[in-house]
Amino acid sequence: DSGVTQTPKHLITATGQRVTLRCSPRSGDLSVYWYQQSLDQGLQFLIQYYNGEERAKGNILERFSAQQFPDLHSELNLSSLELGDSALYFCASSPGLAGETQYFGPGTRLLVL
Amino acid sequence: DQQVKQNSPSLSVQEGRISILNCDYTNSMFDYFLWYKKYPAEGPTFLISISSIKDKNEDGRFTVFLNKSAKHLSLHIVPSQPGDSAVYFCAAPTSGSRLTFGEGTQLTVNP
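For the record, the sequence lines run as chains A and B.
Residues 15 to 127 (the working numbering) are what the first sequence spells out, left to right.
Residues 368 to 478 (the working numbering) are what the second sequence spells out, left to right.
Derived from the structure by calculation, the hints contain no laboratory data.
Being a predicted model, the structure only gives us computed values, none of them experimental.
A couple of the hints might just be wrong.
DSS-like cross-link-like pairs, simulated, lysine-lysine; straight-line CA separation at most 27 Å [what the hints assert, rightly or not]: (1) A/K71 <-> B/K423; (2) A/K23 <-> B/K435; (3) B/K435 <-> B/K372; (4) B/K404 <-> A/K71.
Here are some chain B residues pointing at chain A (derived, C-beta under 8 Å) [unchecked claim]: (5) P376; (6) S379; (7) E382; (8) G383; (9) P407; (10) F413; (11) L414; (12) F456; (13) S462; (14) S464; (15) L466; (16) F468; (17) T475; (18) P478.
Sample of chain A residues facing chain B (criterion: CB under 8 Å; computed from the structure) [to be verified]: (19) S16; (20) G17; (21) Q31; (22) G42; (23) L44; (24) F59; (25) G66; (26) R69; (27) N73; (28) L75; (29) F78; (30) F83; (31) P109; (32) Y117; (33) P120; (34) G121.
The beta carbon of each residue, even a glycine, is placed where N, CA and C say it ideally should be.
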């Protein structure tokens, strides 16, 4: 158990819908990262938050957004969903800003029908 | 540009033998490398890391070797156990924080 929790574990929805994925980091970790794993793209970095502020952005679509709350949990919002958004979404956390080991949650499997 | 590459999608070894998983990188500025193990339907689990100032790091059955001149690292598992069967990813932090992952290697350890 990494100490990172994610909910829900599975999500099935329809195209055009909006969903919210939730992540709670390990106790004491200030950074939260979101990654997407799809069949053809491997594990891809989406976005990082540190202590409530956005710190780094990867290949995150404009339809996707994230935030980190004062209690340090984070939410990833996916809107206008398309079939190609079906993937595993992982959250990871680390104590500081950079150069540290990241610990991953169990992931949310999203299926868009 | 795939900065971290794992060229072997799969590897099969016998229980008790050594497993060697390989990873190549292109960016000589990487200063830290990590290996993760991933079981189906679970998140990646951190295994072992190595700083670029070292050429070897060992933790129990797991040893990572770094050859900076060849831009190559390898993960050795000895002895291999059936429970080691999983997908192994090498990764490196880029732009300070984000991890860039290789494609992964599926290791199967046969009893």
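Status of the A/G66 interface restraint (C-beta, 8 Å, chain B)
Because about 16 Å separates A/G66 from the closest Cβ in chain B, which is outside the 8 Å limit, the hint is violated.
Is the hint on A/F78 kept, meaning its closest Cβ partner in chain B is under 8 Å away?
15 Å, violated
With 8 Å as the cut and Cβ atoms as the points, is B/L466 at the interface with chain A?
Holds. Min distance 6 Å.
Compare the distance between the alpha carbons of B/K435 and B/K372 with 27 Å, and conclude whether the hinted pair is satisfied.
15 Å, holds
Does A/P109 pass the interface check with chain B, least Cβ-Cβ distance below 8 Å?
12 Å, violated
Against chain B, is A/L44 within 8 Å by beta-carbon distance?
Violated: closest Cβ of chain B sits about 12 Å from A/L44, beyond 8 Å.
Tell me if B/F413 is really an interface residue toward chain A, meaning its C-beta lies closer than 8 Å to one of theirs.
5 Å, holds
Was the hint right that B/S464 lines chain A, CB cutoff 8 Å?
4 Å, holds
Hint B/P478 vs chain A: min CB-CB distance below 8 Å?
27 Å, violated
Checking hints one by one. Is A/P120 an interface residue toward chain B, by the C-beta closer than 8 Å rule?
Hint holds; A/P120 Cβ to chain B Cβ min 5 Å, cut 8 Å.
Next item in the hint list is A/G42. Is there a CB on chain B closer than 8 Å to its CB?
With a minimum Cβ separation of about 16 Å from chain B (threshold 8 Å), the hint on A/G42 is violated.
Going by Cβ atoms only, is A/L75 closer than 8 Å to chain B?
Status violated, d = 16 Å.
Of the hints listed earlier, those the structure fails to meet are numbers 1, 2, 5, 6, 7, 8, 9, 11, 17, 18, 20, 21, 22, 23, 25, 27, 28, 29, 30 and 31, in rising order.
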